[in-house]
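Trainee: Okay, here's what each chain looks like letter by letter:
Number of protein chains: 2
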Amino acid sequence: MQDKNQRDISIRLKKLGENSSFVNDEVVSERNQKRHYLHTLRTEHLMSDTLDTLENLTYDELHEGDTATFTRSLSENELVLFAAVSGDVNPVHLDPEFAACSMFGERIAHGMWSGSLISAALATVMPGPGTIYLDQSLSFKRPVKLDDTLTVSLTVLRKEPKNRVIFQCAVTNQNNQKVVTGEAKVIAPTEKVILYKPTLPKITIEGCG
Amino acid sequence: MQDKNQRDISIRLKKLGENSSFVNDEVVSERNQKRHYLHTLRTEHLMSDTLDTLENLTYDELHEGDTATFTRSLSENELVLFAAVSGDVNPVHLDPEFAACSMFGERIAHGMWSGSLISAALATVMPGPGTIYLDQSLSFKRPVKLDDTLTVSLTVLRKEPKNRVIFQCAVTNQNNQKVVTGEAKVIAPTEKVILYKPTLPKITIEGCG
Chain A
1 MQDKNQRDIS IRLKKLGENS SFVNDEVVSE RNQKRHYLHT LRTEHLMSDT LDTLENLTYD
61 ELHEGDTATF TRSLSENELV LFAAVSGDVN PVHLDPEFAA CSMFGERIAH GMWSGSLISA
121 ALATVMPGPG TIYLDQSLSF KRPVKLDDTL TVSLTVLRKE PKNRVIFQCA VTNQNNQKVV
181 TGEAKVIAPT EKVILYKPTL PKITIEGCG
Chain B
1001 MQDKNQRDIS IRLKKLGENS SFVNDEVVSE RNQKRHYLHT LRTEHLMSDT LDTLENLTYD
1061 ELHEGDTATF TRSLSENELV LFAAVSGDVN PVHLDPEFAA CSMFGERIAH GMWSGSLISA
1121 ALATVMPGPG TIYLDQSLSF KRPVKLDDTL TVSLTVLRKE PKNRVIFQCA VTNQNNQKVV
1181 TGEAKVIAPT EKVILYKPTL PKITIEGCG
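Which chain is which? The protein sequence lines are A and B, in order.
Heads up: the first sequence at position 126 corresponds to 126 in the working numbering, and the numbers run straight through without jumps.
Heads up: the second sequence at position 93 corresponds to 1093 in the working numbering, and the numbers run straight through without jumps.
There may be inaccurate statements among the hints.
Partial list, computed: chain B residues near chain A (C-beta under 10 angstroms) [stated by the list, open to error]:
| no. | residue |
| --- | --- |
| 1 | L1054 |
| 2 | F1070 |
| 3 | N1077 |
| 4 | V1080 |
| 5 | S1086 |
| 6 | D1088 |
| 7 | S1102 |
| 8 | M1103 |
| 9 | H1110 |
| 10 | L1122 |
| 11 | A1123 |
| 12 | G1182 |
| 13 | T1199 |
| 14 | P1201 |
| 15 | G1207 |
From the structure, some residues in chain A lie toward chain B, with a derived Cβ separation under 7 angstroms [to be verified]:
| no. | residue |
| --- | --- |
| 16 | D88 |
| 17 | S119 |
| 18 | T124 |
| 19 | F140 |
| 20 | I205 |
If you are wondering where the hints come from, they were derived from the structure by calculation, not from laboratory data.
Note that the Cβ used here is the ideal one computed from N, Cα and C, for glycine as well.
Put together the whole structure using the sequences plus the hints.
Mentor: Next comes the structure, spelled out in structure tokens:
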């Protein structure tokens, strides 16, 4: 992998609308195992998916073997929100009493929730904004349970003509067990961008804190 | 396809917990292009994904060529909820001003939202409850925009040993344009079940009706 710390990157800061959050002067990215110090380091911002900005990696900046991660945990909120947004209201995801009698013994995540984390990693971390999603394969290996913490790991498998990039995708739980594996094909961005993350409106789930 | 209207189905009604909705005596399923009149027909219940119950189709009941559909529309709610649950807060999904300047000209759905509709169709319509998801391939063909209505179409491509079933999956918009295609491999249930759908807790998005 090339050392990109010293590279001259063209940064385009896009001011978003009223719903956006405008951050401090501190941006850190751990993509490619390197940190790009745009201003100053804030140590609590070590995961690229917890940054207040979205910085992409262009096709030219991606290299075989480059890796990135994205981490999320499963709470009851994810079970309810994913059921609502997908329409999959299967009680094995929603009803503790029913799930206790199922083969899993407790509520489990929707399998495609793990898929959505892979897509989020591609869209926000590597390559990030400007990526066009072409193909995704997913193999569901084991169930995800409440309080599990999943880490999506993306690895550049190969670069192809016309800005196509193939990523190996793995989602592992806190015990380092693979829960989902697959491959993604995207058109990587050709223009460098750093965007402020929009702030989501407040979402309230009745009966949840 | 066999005529299943007259088959003897073993129905197991599972009473769910306090959060569940308990329905009337009317259940209609259009799966396989046939209607199973368990009690009386309610004409507004023509889509199987709008029923108050989830009825599965067992491995033995599935036949090559069988089809099922599942329909959802994209509102701002889906954009916000999918961003929240996946972590993909890319402004092309959330910020009208930013999206207007993007190659799409307006906000678009997360590609994996369409994937989540396929998974919901498999989990709730065909084969339905008890299905174990093994593999899914997805090809993203075109963007999905606000107010688009997507229909997931599932077709049994083939049955394999050990209760495995391969489905062809297509998601089309209201103009009959394919937005996502793919294949799914599942372990179909072997036990017949009809479940009451859990009622989701109320979800409120600040600033949305």
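Trainee: Compare the structure with each hint and give your call.
Mentor: Here's how the hints hold up against the structure:
Annotation: B:L1054 was flagged as interfacial toward chain A, and the flag holds, the nearest CB pair being 7 angstroms apart, inside 10 angstroms. Satisfaction of the interface hint for B:F1070 is found here, the shortest Cβ-Cβ separation to chain A being roughly 7 angstroms, below the 10 angstroms cut-off. Residue-level restraint check for B:N1077 holds (minimum Cβ-Cβ distance to chain A is 8 angstroms; threshold 10 angstroms). Given hint, B:V1080 at the interface with chain A, holds; its Cβ is 6 angstroms from that chain's nearest Cβ, closer than 10 angstroms.
Against a cut-off of 10 angstroms between C-beta atoms, the interface hint on B:S1086 holds, since the closest Cβ of chain A lies about 4 angstroms away. Interface restraint check for B:D1088: the shortest CB-CB distance to chain A comes to about 4 angstroms, inside 10 angstroms, so the restraint holds. Because the closest C-beta pair between B:S1102 and chain A is about 9 angstroms apart, less than 10 angstroms, the hint holds. Hint on B:M1103 holds. Least Cβ distance to chain A is approximately 8 angstroms, under the 10 angstroms limit.
Interface restraint check: B:H1110 against chain A, minimum CB-CB distance 6 angstroms, threshold 10 angstroms, status holds. Interface restraint check for B:L1122: the shortest CB-CB distance to chain A comes to about 9 angstroms, inside 10 angstroms, so the restraint holds. Hint on B:A1123 holds. Least Cβ distance to chain A is approximately 5 angstroms, under the 10 angstroms limit. Taking 10 angstroms as the C-beta contact cut-off toward chain A, the hint placing B:G1182 at the interface holds, the least distance being around 9 angstroms.
Satisfaction of the interface hint for B:T1199 is found here, the shortest Cβ-Cβ separation to chain A being roughly 8 angstroms, below the 10 angstroms cut-off. Given hint, B:P1201 at the interface with chain A, holds; its Cβ is 4 angstroms from that chain's nearest Cβ, closer than 10 angstroms. A distance limit of 10 angstroms between C-beta atoms decides the matter here; for B:G1207 the minimum to chain A is near 5 angstroms, and the interface restraint holds. The restraint placing A:D88 at the interface with chain B holds, with a minimum CB-CB distance near 4 angstroms, inside the 7 angstroms limit.
For A:S119, the interface hint holds, the least distance from its beta-carbon to any beta-carbon of chain B being 4 angstroms, beneath 7 angstroms. Interface hint at A:T124: satisfied, since its Cβ lies 6 angstroms from the closest Cβ of chain B, which is below the 7 angstroms cut-off. Satisfaction of the interface hint for A:F140 is found here, the shortest Cβ-Cβ separation to chain B being roughly 5 angstroms, below the 7 angstroms cut-off. Hint on A:I205 holds. Least Cβ distance to chain B is approximately 5 angstroms, under the 7 angstroms limit.
In terms of the numbered hints stated before, the structure departs from none.
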